[in-house]
Amino acid sequence: DLEIMRNDPRRRSATAGSFPMDLYHSGGIAVYAPSVKIINNVIHDIGDGISAWTSAPDTEIYGNHIYHVGFVGPDRPHGHGLYVQNSTGVKLLQENVIHDNFGQGMQVYGTSGTQLRNIKVIGNIVFENGSLTSNFSRNMLIGGTTPIVDSEVRENFSSYMYWGDNVNLGYFNSGAGCQNMAFANNVVSGGTFSVQNCQFSQMANNTVDAELRPLARTSF
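Residue 242 in the numbering used here sits at position 33 of the sequence shown; the count goes up by one each step and never skips.
One should not assume that every hint holds.
DEER-style ranges, computed between Cβ atoms [what the hints assert, rightly or not]: (1) Ala-393 with Ser-235: 31 to 41 angstroms; (2) Val-417 with Asn-344: 18 to 28 angstroms; (3) Arg-285 with Asn-414: 27 to 37 angstroms; (4) Ala-413 with Asn-216: 28 to 38 angstroms; (5) Glu-364 with Gly-298: 15 to 25 angstroms; (6) Tyr-371 with Ala-223: 23 to 33 angstroms; (7) Asp-217 with Gln-411: 26 to 36 angstroms; (8) Val-299 with Ala-413: 15 to 25 angstroms; (9) Asn-414 with Ser-235: 20 to 30 angstroms; (10) Pro-283 with Pro-218: 37 to 47 angstroms; (11) Tyr-233 with Asp-359: 35 to 45 angstroms; (12) Ala-413 with Asp-217: 43 to 53 angstroms; (13) Ser-321 with Phe-228: 37 to 47 angstroms; (14) Arg-422 with Pro-218: 33 to 43 angstroms.
Calculated from the structure, these hints are not laboratory results. C-beta: ideal position from N, C-alpha, C; glycine also.
All chains should be modelled from the sequences, with the hints used to inform the complete structure.
In structure tokens, the structure reads:
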């Protein structure tokens, strides 16, 4: 039940990168410790929303409202609603509302030096992320250059009114894909739905009204 925001209206940097020197880049909530619960907060008009890293197993992020976070630089928009990785235990991202951020709404992403394992994405509403710069990036990126393993994406609603990469599983084009992924009872409306190199333990009862990007090397 906290409101976390910053009243500085500046959102444009002349410096490329995620940590510009000409713009104060304060974050929302960053979790580095295990078994933390972040529940029913409002986070807006700040550098980032909520991040939780591999040092924070068994984190629960529930019922938060995240919007208008981030800024734009000469390279690209920066600032995501949620940014998580996980190695041990379970990370639960449930019933959050994430919209109209500069970067991506939900980034479950890692490189080869990190892990994406046992992450549950359940019942979230995610829409129009990237809209503040008309550079619709992604509502939900779930995957990276390391595979996402033993994870669930269920009962989420993700929408783009205009063009954008709405939901991206496995990190399309350069990703390591998904292993033992459950993707069920989701609604994907508008934009594109991209899947790369994913093996699904369950793929059922989804409603997709979006352009399907190539599903090569994908098993349903």
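Each hint tested on the structure:
Against the hinted window of 31 to 41 angstroms, the Cβ-Cβ separation of Ala-393 and Ser-235 comes to about 37 angstroms, which satisfies the hint. Separation of Val-417 from Asn-344 is about 23 angstroms and conforms to the stated range, judged on CB atoms against 18 to 28 angstroms. Taking the beta carbon of each, Arg-285 and Asn-414 are about 35 angstroms apart, inside 27 to 37 angstroms as hinted. For Ala-413 and Asn-216, the Cβ-Cβ distance of about 46 angstroms falls outside the hinted range of 28 to 38 angstroms, so the restraint is violated.
Under the hint 15 to 25 angstroms, the C-beta atoms of Glu-364 and Gly-298, about 22 angstroms apart, fit the expected range. Under the hint 23 to 33 angstroms, the C-beta atoms of Tyr-371 and Ala-223, about 27 angstroms apart, fit the expected range. A hinted range of 26 to 36 angstroms is violated for the C-beta pair Asp-217 and Gln-411, which are about 45 angstroms apart. At roughly 22 angstroms, the beta carbons of Val-299 and Ala-413 sit within the given window of 15 to 25 angstroms.
A C-beta distance of roughly 41 angstroms is found between Asn-414 and Ser-235, which places it outside the suggested range of 20 to 30 angstroms. A beta carbon spacing of about 19 angstroms between Pro-283 and Pro-218 contradicts the range 37 to 47 angstroms that was offered as a hint. At about 39 angstroms, the beta-carbon gap between Tyr-233 and Asp-359 stays in the expected band of 35 to 45 angstroms. With their beta carbons about 46 angstroms apart, Ala-413 and Asp-217 fall inside the hinted range of 43 to 53 angstroms.
Taking the beta carbon of each, Ser-321 and Phe-228 are about 22 angstroms apart, not inside 37 to 47 angstroms as hinted. Between Arg-422 and Pro-218, the C-beta spacing of about 36 angstroms keeps the proposed range 33 to 43 angstroms intact.
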